[in-house]
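K.L.:
Going line by line, the protein sequences match chains A and B.
If you count by our numbering, then the first sequence holds residues 3 to 316, one letter each, in order.
If you count by our numbering, then the second sequence holds residues 2 to 441, one letter each, in order.
For the record, the hints were derived by calculation from the structure and aren't laboratory data.
Don't take each hint at face value.
As the list claims (entries may be wrong) - Computed Cβ-Cβ distance ranges for the label pairs, DEER-style:
#1 N170/A x G386/B: 42 to 52 Å
#2 G345/B x F75/A: 53 to 63 Å
#3 P72/B x P140/A: 15 to 25 Å
#4 S171/A x P72/B: 36 to 46 Å
#5 I209/A x S266/B: 49 to 59 Å
Cβ atoms here follow ideal geometry from the backbone N, Cα and C, with glycine treated the same way.
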Amino acid sequence: MVEIASVSPMSTIAATARRHKAAVRSSYDERSALLFVLPFAIVLFAVAVFPILYSFYISLYSLRLTRPNRVPFVGFGNYVTVLSDPQFWEAVQRTVVFSVMAVAATAIIGLLIALLLNEEFPGRRVLSALLLIPWAIPSVANGLMWKWIYDSNYGALNGALLQLGFINSYMVWLGDANKTLALIANAFVWKEVPLAAILLLVGMKTIPADLYSAAKVDGADAVRRFFHVTLPALGPSFALVMIYETMMAIRHFDLFFLLTEGGPGDASHVVAWRIYVETFRNLSFGTGAAMSYILALATLALAYIVIRMLTRRV
Amino acid sequence: MARRSTMTRRNFLKNTAMGAAALGIAGRTERALAADPLYFTTWSAAVDQVKSHLAAFEQKTGVKVEYANSPWAQYRETLVTKFVGKAPIDTLWVSDSWLPEWAEAGWLVPVDQYKTLTGYNSDVDQFCVDSMTHDGKQYGITYYTDFMGFIYNGAMLEKAGIKAPPQTWDEVVEQAKIVKDKGLSQAPMLLALAQEAWLIEFLAAMIYSQGGRFTDDKGMAVMQDGKDGAVKALRWVVDAVQKHKIISPSCVETGELAALKSFSSGEHAFGLIPKYRLRTLNDPAQSKIAGNAKIALMPKGENGSHATVGWMRFYGMTPRAQADPTRAANTVKLMEWFGGRADGDYTFQKLLFKDIGAGFGVKSLFKDPEMRKLYAAYGDVEIIGQQQGLARKKDVITPWFGEWNDVNGSAWQQAVLGKVTPEQALKTSADKWNTLKKQS
Numbered sequence: 003m004v005e006i007a008s009v010s011p012m013s014t015i016a017a018t019a020r021r022h023k024a025a026v027r028s029s030y031d032e033r034s035a036l037l038f039v040l041p042f043a044i045v046l047f048a049v050a051v052f053p054i055l056y057s058f059y060i061s062l063y064s065l066r067l068t069r070p071n072r073v074p075f076v077g078f079g080n081y082v083t084v085l086s087d088p089q090f091w092e093a094v095q096r097t098v099v100f101s102v103m104a105v106a107a108t109a110i111i112g113l114l115i116a117l118l119l120n121e122e123f124p125g126r127r128v129l130s131a132l133l134l135i136p137w138a139i140p141s142v143a144n145g146l147m148w149k150w151i152y153d154s155n156y157g158a159l160n161g162a163l164l165q166l167g168f169i170n171s172y173m174v175w176l177g178d179a180n181k182t183l184a185l186i187a188n189a190f191v192w193k194e195v196p197l198a199a200i201l202l203l204v205g206m207k208t209i210p211a212d213l214y215s216a217a218k219v220d221g222a223d224a225v226r227r228f229f230h231v232t233l234p235a236l237g238p239s240f241a242l243v244m245i246y247e248t249m250m251a252i253r254h255f256d257l258f259f260l261l262t263e264g265g266p267g268d269a270s271h272v273v274a275w276r277i278y279v280e281t282f283r284n285l286s287f288g289t290g291a292a293m294s295y296i297l298a299l300a301t302l303a304l305a306y307i308v309i310r311m312l313t314r315r316v
Numbered sequence: 002m003a004r005r006s007t008m009t010r011r012n013f014l015k016n017t018a019m020g021a022a023a024l025g026i027a028g029r030t031e032r033a034l035a036a037d038p039l040y041f042t043t044w045s046a047a048v049d050q051v052k053s054h055l056a057a058f059e060q061k062t063g064v065k066v067e068y069a070n071s072p073w074a075q076y077r078e079t080l081v082t083k084f085v086g087k088a089p090i091d092t093l094w095v096s097d098s099w100l101p102e103w104a105e106a107g108w109l110v111p112v113d114q115y116k117t118l119t120g121y122n123s124d125v126d127q128f129c130v131d132s133m134t135h136d137g138k139q140y141g142i143t144y145y146t147d148f149m150g151f152i153y154n155g156a157m158l159e160k161a162g163i164k165a166p167p168q169t170w171d172e173v174v175e176q177a178k179i180v181k182d183k184g185l186s187q188a189p190m191l192l193a194l195a196q197e198a199w200l201i202e203f204l205a206a207m208i209y210s211q212g213g214r215f216t217d218d219k220g221m222a223v224m225q226d227g228k229d230g231a232v233k234a235l236r237w238v239v240d241a242v243q244k245h246k247i248i249s250p251s252c253v254e255t256g257e258l259a260a261l262k263s264f265s266s267g268e269h270a271f272g273l274i275p276k277y278r279l280r281t282l283n284d285p286a287q288s289k290i291a292g293n294a295k296i297a298l299m300p301k302g303e304n305g306s307h308a309t310v311g312w313m314r315f316y317g318m319t320p321r322a323q324a325d326p327t328r329a330a331n332t333v334k335l336m337e338w339f340g341g342r343a344d345g346d347y348t349f350q351k352l353l354f355k356d357i358g359a360g361f362g363v364k365s366l367f368k369d370p371e372m373r374k375l376y377a378a379y380g381d382v383e384i385i386g387q388q389q390g391l392a393r394k395k396d397v398i399t400p401w402f403g404e405w406n407d408v409n410g411s412a413w414q415q416a417v418l419g420k421v422t423p424e425q426a427l428k429t430s431a432d433k434w435n436t437l438k439k440q441s
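Pulled out of the complex, with its shape left as it was, chain A reads as follows (with noise of 0.2 Å):
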């Protein structure tokens, strides 16, 4: 109270300007940093916000391209359609198929990686730059190279399986219906280790050294500092790289549109594929649109279930 009362009427003007002034700037702050950010904000609105409200639109119509007099509201109809398809579930029990192979191989390939790039030898710098190289290559000329190793004509997996004397005579690879999904999972895995191995390599450096000694104090051995120390400090890393690829492998297109179109038979008919043959092939827009949002959903899903078991273990 002696405080308040020894202040002057005139410190308490000063007092309340400063604020007033301070408001007041505070204010154009505002306004100033909203204006910066507004042509960045229409921008982010007019090419990512827009479209995918108006895709959403779209899969509630009959939207043929072909058909273009004829558009009727149909509500969930296309969802309805897509989800009582029996097709599209043999193609979500491929997808599944397809990304388990492909991200379970990633990630197991990406952790032996980043243990042996986590240790000291001579020519680590450039085995950890060669690493880079499938990840570097385009994802068509990745397609491309891999249709060429895979032909059963004039292949250079037959040439060099022959060579070696492991096969008699040619062997059919994508044209067998049993192997395409694996093939095809082979040639995506050739080019996302590199990644999972840089994110893994990433998050065991982070590890303490004092882990390791503590361990050893207690006895561990490798395998058991491994799975007792490296692997559970690696879970925040392991979740980005299982996230990550899980949503890549899901969403897939350019390998199964440059080596199988879809085929041998419907071998390779997965949700992505079937997207695409849907949309860009029938013209059939609304359907399209609806199958898009089930796989943005599922992949949304998923990501939440992958994000919840892994950071609960951590």
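Given chain A, put chain B in place with the hints provided.
P.N.:
Relative to chain A, chain B alone:
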């Protein structure tokens, strides 16, 4: 008292804006009057030839033409988008595969009223006219045509001691076995059954020569019919792959271009290959079997004939062109300049044939000494003319063709791989056809 003129800032801006607007309108009107061009769209083939022929047209008629092209692989999607977006197009190249779809969407108009164009019908093969016709109306004039040919490697047959190419599909099996037994080829017969645009042509050629059809005259599915449908053709392919082992199972991953490369490397005795590829196959710079790639009539099945499938690309006209009489007249002139006679001769058809080997549907050109000489350099012109006369249009070209084609191609591949029987595969195909027909 004289009124003093004042120029305020507001007046200045107003007058400036009015002046600019007036100039803009005048400029636009002037441009519109000077040249309201025709819009001509093609896929990216023979671009230089098109440009030079267009220049001659513009010089002769004074009609300005805006030419645009898009890659073949994306042409349908590009054009559909342009149609929906109401982009200006007066005449364009159209594939017979898209005719019903585009005609029923109202993007193409019939040309029956233009006798200048329909007058050429008497000089082109019937399947060409059929391929440009939808619901009894003709939609264009021929650009280029070709058919699926039965090509054989003469040198390989000679080595195998075979004197003449097969006349029937049974003989194909017999001769292929001889070739295989003598170690001349692992897969003597070449088929390209990958899921791509060419697939329907390969299948249709096999079916027609076996005496079958995909659909009847009313457009109902008969492909599943054991006698008149496609079962015999599919069974022959399945047996050739699985039982006789004269076709590689990798045929389901082999596209048309890969097949061409494979045949030109000398690995096969027989192949179904588009006829225009004969030129490449007999070009020493591009083929190991140059001089030995020969064409024979399509082998026939038990109740079949030497029939094959033909395809047609033509100049179509849009409603935009037809809406205005002057524009329509100029568009007809342009279509005739390219698809018919220009200065009394089939100049563009000849140019395409000479430069890129594109086939023509014009019967009289088969009698043209210059054309015969050019053909003779790489093919038997008599057989080619005879086979073209036996070509038939695809009987599955409907607005729902694309959607059905994916299912049909997949069904054939599954049968070839032994996953389903030919009967099951064709039932799947027929069911899809009937569903789509009902929905249309």
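K.L.:
Now tell me, hint by hint, if it's right for this structure.
P.N.:
Now for the hints, and whether the structure bears them out:
1. N170/A x G386/B: 42 to 52 Å: 46 Å, holds
2. G345/B x F75/A: 53 to 63 Å: 57 Å, holds
3. P72/B x P140/A: 15 to 25 Å: 19 Å, holds
4. S171/A x P72/B: 36 to 46 Å: 38 Å, holds
5. I209/A x S266/B: 49 to 59 Å: About 55 Å separates the Cβ atoms of I209/A and S266/B, which means 49 to 59 Å holds.
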